[in-house]
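Peer 1: Sequence:
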Amino acid sequence: MTRSDPRSLLRAALLPVVLSAMILAACQSTAKDPARVKSAPVAPTTTVSTTPSAPTPAVQAKPAAPSKPEIRSAVSAALMAADDDTRFMVQQITTLSHPFFEGRSADTKGNRAAAALIQQHFDSLGLKPAFGADAAPPDAPAHGDHGYQQAFSVPGEMKVNLAEASFTSPSGEVKLESGKDFNPLGVSGTAKATGELVFVGYSITDGEEGYTNYGEKDDLAGKIALLYRFEPMDDAGHSKWAESTGGSAGRTTGNWSGHSGLTQKIGDAIKRNAAGVIVVNPPGADDPRATRLDTANRTRFGKQLGVPIVMLSNDAAEKLIKAADPEGRSPLDLRKVADAGLTSMMPLNKGGLTVTLNTDLERQQLATSNVGGVLEGKGGLASEWIIIGGHYDHVGYGYVGGARPGNIGQLHPGADDNASGAAGVMLIAKKLAERYKALPEGASARSVLLMTFSSEEMGLLGAEHYVKNSTIENSRVIGMLNMDMIGRLDKNALEIAGTGTADEWNGMLDTILADYTFDAKRTASGGNRSDHAAFYRAGTPVLHFFTGTHRDYHTPTDTFEKVNYEGAAKIVNLVTDIAMALSDRPQMLTYHKLQEQQQRSMAGMKVRLGIAPGNYNDSEPGVLVGDVTPNTSAAKAGIHVGDRIIKWGGEELANVGAMMERLAGHNPGDKVDLVVVREGQEVIITVTLLAREQQG
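Residues 94 to 789, numbered by this note's numbering, are exactly what the sequence shown covers, in order.
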């Protein structure tokens with residue numbers, strides 16, 4: 094694609110004036126995207142809505158409500174009275190959190206528009222592009238032979254390219270409708286299969302008290318296996334095994350034993366060479382899922398298998414079984430056979446009936462990019478670096494990142510998280526450029542890399558990508574300063590994390606904070622849940638600036654009018670002063686690696702799970718457990734290395750970022766059910782969350 098000038102790309106995107114964004118505030122909290130149609134965003138307008146005048150009381154007349162011009166005058170007066178830094182923060186935060194930018198998640202066009210906005214700002218200041226032309230995405234605005242953007246991709250949803258299902262009997266072919274009669278499951282392969290239908294009960298190989306649905310010589314080669322969800326039930330639709338303590342697989346979702354795990358059941362059929370698999374909800378099961386037709390995205394946990402795998406609706410299953418069973422049994426009749434103990438596969442090929450399944454699924458990779466500009470240093474320190482960053486992405490419409498399940502489909506503006514931090518990086522770039530320009534002849538100053546990261550909400554993916562692909566030797570980076578959620582300063586309370594990552598941080602802060610009125614709470618940890626953690630793990634001293642969580646965190650109500658703009662500007666000035674102190678410091682900072690408990694604790698959280706993710710840039714949903722710290726909540730609950738956590742309290746867990754969001758809402762003593770996939774089987778583990786200071 095031909096690259097365009099950044100100013101022309103942004104002309105339609107930017108707010109004409111800050112006021113128009115304020116008037117359009119209601120759009121931010123009510124915008125919906127129920128169909129998830131990724132159409133191009135509508136550019137902001139200056140249309141002003143009107144409201145009716147308040148009724149006049151009968152007894153005593155009161156002044157009429159201010160007219161719109163008066164309201165505009167009041168807002169204008171407030172902005173004119175503010176200092177330049179505050180006005181800058183107002184402009185950038187209201188812009189980035191405008192509905193045009195769609196919450197800036199990697200699955201929206203607004204994410205690309207936000208990257209272009211930040212690039213244009215860096216370019217206007219005369220910052221040098223941080224990356225080569227090969228690193229830039231194809232649609233990034235061009236800058237000569239180089240680029241401000243560092244392209245990478247992140248895992249998205251499961252895309253269904255093709256889904257076909259039909260059965261053919263002497264009466265002819267019956268085609269089933271995708272989305273109504275059936276859905277491919279997320280573990281389905283890209284494959285086509287035609288074969289006779291066989292019933293394999295609950296597809297359990299080794300159940301309680303010798304229960305099995307397979308004979309020793311059962312071979313499903315060339316056949317389509319029809320299997321029931323769950324496990325043997327009583328007449329009330331309850332598991333016969335859920336209360337058993339002798340099962341080897343443990344507990345799983347709902348009131349079922351570990352034998353009911355869908356992944357294991359499908360795997361057992363495929364191990365016997367099934368050409369395809371049909372999953373059916375057994376009638377009468379006492380479970381809310383028994384009437385639900387699952388989708389590819391709800392069942393995308395685990396690797397894609399090599400055969401077509403679909404789920405039928407209850408109506409379609411009845412239609413198929415009625416046409417296929419020689420004895421004319423109903424789905425309930427077949428369930429009773431399986432409940433009683435089906436011990437070998439049962440052909441369902443009345444009149445030579447055959448089933449055809451054809452599926453094509455792929456896990457989407459979403460294109461996004463980090464945006465970086467370089468303020469070149471001076472003199473003998475120019476080859477050393479300061480990195481200043483903040484993520485510009487948020488959770489969009491809630492389909493990626495850590496949105497709460499009830500808010501999925503609604504626009505999440507992300508004014509505090511993290512339009513505030515991204516605007517802070519933009520303002521620091523402006524202030525440092527001015528200060529460096531004013532340095533006297535012959536002065537020495539370190540170079541500064543100004544970075545805004547994408548996909549932080551998906552698990553620090555942008556920062557991790559940068560760290561792994563950086564061309565700057567870590568030994569030449571004096572420190573990394575990160576701003577994430579600096580927009581809700583209240584009572585001057587500011588959290589500064591990472592003070593233990595360099596021996597010199599506290600001494601520097603003592604001096605610089607003396608000029609400010611912050612009530613600063615310092616935390617030694619450098620390994621909490623924002624972008625600086627990636628740099629800390631790579632051996633860089635870090636500081637993280639944060640004004641705390643709030644009830645609007647990761648909800649559609651994190652809107653621009655709730656931001657403390659003066660407070661945010663004040664934090665930016667503090668970070669600018671720290672950067673200047675680092676710029677000409679004769680010696681590098683002394684990196685300090687904290688002990689395990691400090692390293693893995695998470696600032697602002699009351700509880701700790703006690704795992705280290707096995708992969709921050711995972712192509713599969715859920716959180717792979719790479720390590721379990723002894724004597725923590727996870728260790729005591731029995732979470733194992735290699736487990737993949739896929740659900741938290743009954744809701745899907747998309748990634749590391751989503752896990753962090755869940756943890757932030759808990760208090761010590763809370764119990765939560767985690768669903769993990771362990772050796773292909775879904776197992777529920779009840780975790781009692783302990784306070785951080787009680788662990789390890």
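Just so you know, these hints were derived from the structure itself, not from any lab. Glycine residues also receive a C-beta, built at the ideal position from the N, C-alpha and C atoms. Be careful, since some hints might not be right.
Said to hold, decoys possible - Straight-line Cα separation of at most 16 Å, EDC-like style, residue types lysine to aspartate or glutamate; simulated pairs:
| hint | residue 1 | residue 2 |
| --- | --- | --- |
| 1 | 524 | 216 |
| 2 | 252 | 411 |
| 3 | 530 | 659 |
| 4 | 285 | 387 |
| 5 | 364 | 311 |
| 6 | 530 | 469 |
| 7 | 412 | 270 |
| 8 | 584 | 659 |
| 9 | 429 | 455 |
| 10 | 429 | 327 |
| 11 | 764 | 744 |
| 12 | 429 | 379 |
| 13 | 663 | 608 |
| 14 | 273 | 411 |
| 15 | 524 | 177 |
| 16 | 364 | 327 |
| 17 | 252 | 420 |
| 18 | 471 | 677 |
| 19 | 584 | 603 |
| 20 | 221 | 527 |
| 21 | 524 | 178 |
| 22 | 429 | 328 |
| 23 | 268 | 257 |
| 24 | 273 | 420 |
| 25 | 333 | 302 |
| 26 | 333 | 379 |
| 27 | 252 | 713 |
| 28 | 663 | 270 |
| 29 | 443 | 420 |
What the hints assert, rightly or not - Each pair of labels, with its calculated beta carbon distance range:
| hint | residue 1 | residue 2 | range |
| --- | --- | --- | --- |
| 30 | 445 | 308 | 42 to 48 Å |
| 31 | 742 | 469 | 47 to 53 Å |
| 32 | 584 | 252 | 46 to 52 Å |
| 33 | 731 | 532 | 55 to 61 Å |
| 34 | 561 | 252 | 23 to 29 Å |
| 35 | 763 | 537 | 51 to 57 Å |
Peer 1: Kindly indicate which numbered hints from before are broken by the structure, ordering the numbers from low to high.
Peer 2: Those not satisfied are hints 2, 3, 4, 9, 16, 17, 19, 24, 28, 30.
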